[in-house]
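Novice: Residue numbers (this note's numbering), protein chains in the order written: chain A, 1 to 127; chain B, 1001 to 1257.
One should not assume that every hint holds.
In silico contact screen, one side only, chain A against chain B (beta carbon under 7 angstroms); selected entries [as the list claims (entries may be wrong)]:
(1) 3
(2) 7
(3) 8
(4) 13
(5) 17
(6) 90
Since the hints were made in silico from the structure, they are not lab data. Note that beta-carbon positions come from the ideal geometry of N, C-alpha and C, so glycine has one too.
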Amino acid sequence: MENNNPLSPHIQIYRWHISSLVSISHRITGIINIVAITIICFWIASLLLGENSYEFTKVFLNSILGKFIILGLTWSFSFQILSEIRHLIMDLGYGFELKVTKITGLIVIIGSFFLTILIYLIGKQFI
Amino acid sequence: MVQINLPKNSEVQKGIYYQDKTGSKNIRKVNVYRWDPSNGKNPREDTYEVDMDNCPSKVLDILNKIKNEIDPSLAYRRSCAHGVCGSCAMNMDGKNGLACTKPHSEIEGDINIYPLPHLKVKKDLIGDLSGLYKQYESIEPWLKTNTKVETTEIIQSQKDRKKLDGAYECIMCACCSTSCPSYWWNEDKFLGPAVLLQAYRWIVDSRDDERKERLKKVADELKLYRCHTIMNCTNACPKGLNPAKAIAELKKMLATS
Chain A
1 MENNNPLSPH IQIYRWHISS LVSISHRITG IINIVAITII CFWIASLLLG
51 ENSYEFTKVF LNSILGKFII LGLTWSFSFQ ILSEIRHLIM DLGYGFELKV
101 TKITGLIVII GSFFLTILIY LIGKQFI
Chain B
1001 MVQINLPKNS EVQKGIYYQD KTGSKNIRKV NVYRWDPSNG KNPREDTYEV
1051 DMDNCPSKVL DILNKIKNEI DPSLAYRRSC AHGVCGSCAM NMDGKNGLAC
1101 TKPHSEIEGD INIYPLPHLK VKKDLIGDLS GLYKQYESIE PWLKTNTKVE
1151 TTEIIQSQKD RKKLDGAYEC IMCACCSTSC PSYWWNEDKF LGPAVLLQAY
1201 RWIVDSRDDE RKERLKKVAD ELKLYRCHTI MNCTNACPKG LNPAKAIAEL
1251 KKMLATS
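Sequences are here, hints too, so could you generate the full structure?
Specialist: In structure tokens, the structure reads:
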């Protein structure tokens, strides 16, 4: 017989904390990065088509929307890298104490913004 | 499967408001999840005004007060009231825990009380844990010895005994498993933190002879590796244990064996 009893509320009521936030963001940035890498591949492929298509992407990436996308992707990659390092350390069996997970989680969140700014500043030297 | 929204029959509706009748000045609003299996209606959230001047310190005391003085129809599990039996596990203020050890002074604002998340509700705050018990049975949580004599004590060194610390204290209240999003979406396949902690407890027991078989049994993409170190389990455990670490140790054993 099928159980028609109601399901108790779950994600609607469960309180977020730093580790769960980092975990879900890790997934979301992971998906964004995969899409981003695909787009970057297409972009590079389009360069083969000649100057016109190069100019087109250049104009697009220099627009406000383009800059926003670039910065967003830089953050998403930064976050993914830091969070992945955290995961690797955890896979070695370290950093499972509640306090430590909180601290490493905060480092990932705050660090991702710092890394974005750093990459932005370094990148500016080349342009 | 990942399903963010609750099914239609599980959506929580506004319930009854029980106004305070004692005339107390120290009132707190307590929102409690209610579901009555007899009338086929959706679950609802009742609000009780509770006189906090005459209420002991724990959330369970509030529930007892509601049941004794305001609404006797409220159903919830409780037994020892000392954080040992694990009966009164529920979701309070968005976090799983034992109602008998959770002080209500730690909760700010209105007190929201729900059953353990993502379970089939039997009545009010009582969730159906039979799936979890079946999984617990599947890891065969008893000592298996092939070589040792059963009539005498099996000696264990202090060092080996130490390995069980942090695992044997588990009271199987299910706070951890029902806090885990991976368990919510894969409750039929993923064993969940509570059962994996127990699997770990038998694997590291020096007296057990079936370590290899036990490890082989949990070594499964879905049974074990659905853990993504979200840490909700360790965050929820009312006994201060660390199921996430035990799961990581299991993964490590499998990677190095």
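Novice: Each hint should be assessed against the structure and marked as holding or not.
Specialist: A quick look at each hint next to the structure:
Using the Cβ-Cβ criterion of 7 angstroms, the hint placing residue 3 of chain A at the interface with chain B is satisfied: the shortest such distance is roughly 5 angstroms. Interface hint at residue 7 of chain A: satisfied, since its Cβ lies 4 angstroms from the closest Cβ of chain B, which is below the 7 angstroms cut-off. Restraint check, residue 8 of chain A versus chain B: the minimum CB separation of about 4 angstroms is within 7 angstroms; hint holds. Interface restraint check for residue 13 of chain A: the shortest CB-CB distance to chain B comes to about 6 angstroms, inside 7 angstroms, so the restraint holds.
A least Cβ separation of about 6 angstroms between residue 17 of chain A and chain B falls short of the 7 angstroms threshold, and the interface hint therefore holds. Taking 7 angstroms as the C-beta contact cut-off toward chain B, the hint placing residue 90 of chain A at the interface holds, the least distance being around 5 angstroms.
Checked against the numbered hints given earlier, the structure satisfies every one of them.
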